[in-house]
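Novice: Could you build the full structure based on these sequences and the hints that come with them?
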Amino acid sequence: MSIGGKCAIVGVGASSFERRPEQSVLSLIATALTNALFDAGLVKEQIDGLVVQVGSPRGADYDTISATLGIDAGFCAQTWGHGRFAATVIAHAAMAIASGMATRVACVMGMKNSDLGRIGEANNPFYHEQFRENGGPHGEEGHLGMASPVAGAAMAFDLYCQRYGYDRELLAAIPMTFRANAGRDPEAVMRDPMTIDDYRGARPIVDPLRLLDCSPVGDGAICLIVSKAIAADHRAVVINGAQGIRAGRDTFIFGPVGLGMSQQSTRRMTLTEARTQIVYAQAGISPDDVDLLGLYDSFSPLPLYALEDFGFCGAGEALGWVQDDRIGLHGELPVNTNGGQLSHAQMNGWGQIRELVTQLRGEGGTRQVAGCRRAMWATPAGDALILERG
Amino acid sequence: MVETLQPIRNLLNDPFWKAAKEGCLIMPYCLSSGRYFWPPSPVSPFRTGGVVEWREAETVGTLVSIVTYRRAFQEPLKDRLPYAVGLVELVDQVRLLAHFAISPANRFPVMGESVEIFFAALEDDGEKVPHFRAL
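Top line first, the protein sequences correspond to chains C and Z.
Count along the first sequence starting at 1, add 525, and that's the number in the numbering used here.
Count along the second sequence starting at 1, add 918, and that's the number in the numbering used here.
In case anyone wonders, no lab produced these hints; they're calculated from the structure.
Just so you know, even glycine gets a beta-carbon here, dropped at the ideal spot from N, CA and C.
Worth double-checking, as some hints may not be accurate.
Which residues of chain Z face chain C? A few of them, derived with a C-beta cut under 7 Å, are [to be verified]:
| # | residue |
| --- | --- |
| 1 | L923 |
| 2 | P925 |
| 3 | L929 |
| 4 | Y954 |
| 5 | P957 |
| 6 | S983 |
| 7 | T986 |
| 8 | Y987 |
| 9 | R988 |
| 10 | F991 |
| 11 | Q992 |
| 12 | L995 |
| 13 | V1003 |
| 14 | H1017 |
| 15 | M1029 |
| 16 | V1047 |
Specialist: Put into structure tokens, the structure is as follows:
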């Protein structure tokens, strides 16, 4: 049984994304949920499922959200707080609906980071994760000084450049393209144009990555409402394919399969393997049919790996492939048209999925991609969605 | 909060840290497949039911990737900036992360160069943790 075509995203809503350490995360979530309900033309009594990402203490847990906001849900779930669960949350909601456990599921991501500092710092609730048994979730080993997710991203990118013979400065294409896109979205938190000199002159954090390779700390919430797909609903965006997160010895969270990080093999996916994954089989399409991409970009190298692992280009080709504005708003394949996590807001990727919905509805304003019918969300972790205009 | 660099110690990983204290590198080894592996596991990650024992491992390997910290995330390492952490592929086909203290006396290795693992503490009374140096 495929999940393809059975469910749709029928409402999206968000808070704004500026830092406000004094605010309650429940207020941010309430704003996102209310906006999503209004967008869907629903009232909260019509919601019978709730899937939450992040949770306390950065966010709020499913039980607090339900009781505080008056949601009476018979199907609840909550995922880990890391930004690799956006597609998984949507997939959970779609599976619950397709299997008859719920009819309308509110998918909620809310978090407040501004009073917690960077992940890896002592006052952040994730501080102890770098001392997690057998290593942190991004390759951290705090006892060696390998702290913070940025280090795992830096180490994988260093290896990628070594393995495929790239000049690391080519990476500028990613943050600069997304920043240019953010300039067309009044919601984006980083809208000032980024020049190549800004990029090259940015403060080094963990070589080879710099400040402008890292998404900014932000506060906010996003809500997506998933319901059964109804043919007559033209603002609904149909979920045509979904794929879960991968894990195992051949997976490194901030690199492609088989890069050779930690205990990964060095065997990369072939183009055929990449282009025939579950998400494509479910939707019955290939990467060539995708008009618009949303890619996970908490650090600027990450989109490269999703482009390769989902077969938009071959293994080791992405850093060359993204040059010359190929992924720009008017390029061959626009990516992160709202600015992504790097420039729109660090919302664990949920901002990009919301943007795909906006674009598929044709509501992208000055950044609207013409003739956009099919859009895809993809991450190096393997979780992916294919969405289609209703 | 008092920040410490103390790793999680338990019965599973205790042999590694005890050997490290003596300057010796031991790694879990799967007798069924004849392969070392990392990180520690009570069962073989290669074969169901594969018998696992700790064995002394070769300290020589190749530098695969390296990052240099320019910003301190951990208070106890603030005065050591800049420092580096490298991914070392040992001759036994296992990769290990190791610390690298940047100083004029310690030559910064290039990628693919042969390096050697040794153990040293990063803070007073701290655990001895893997470091590497150019051979």
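Novice: Hint numbers the structure violates, sorted upward?
Specialist: Hints 3 and 4 contradicted; others consistent.
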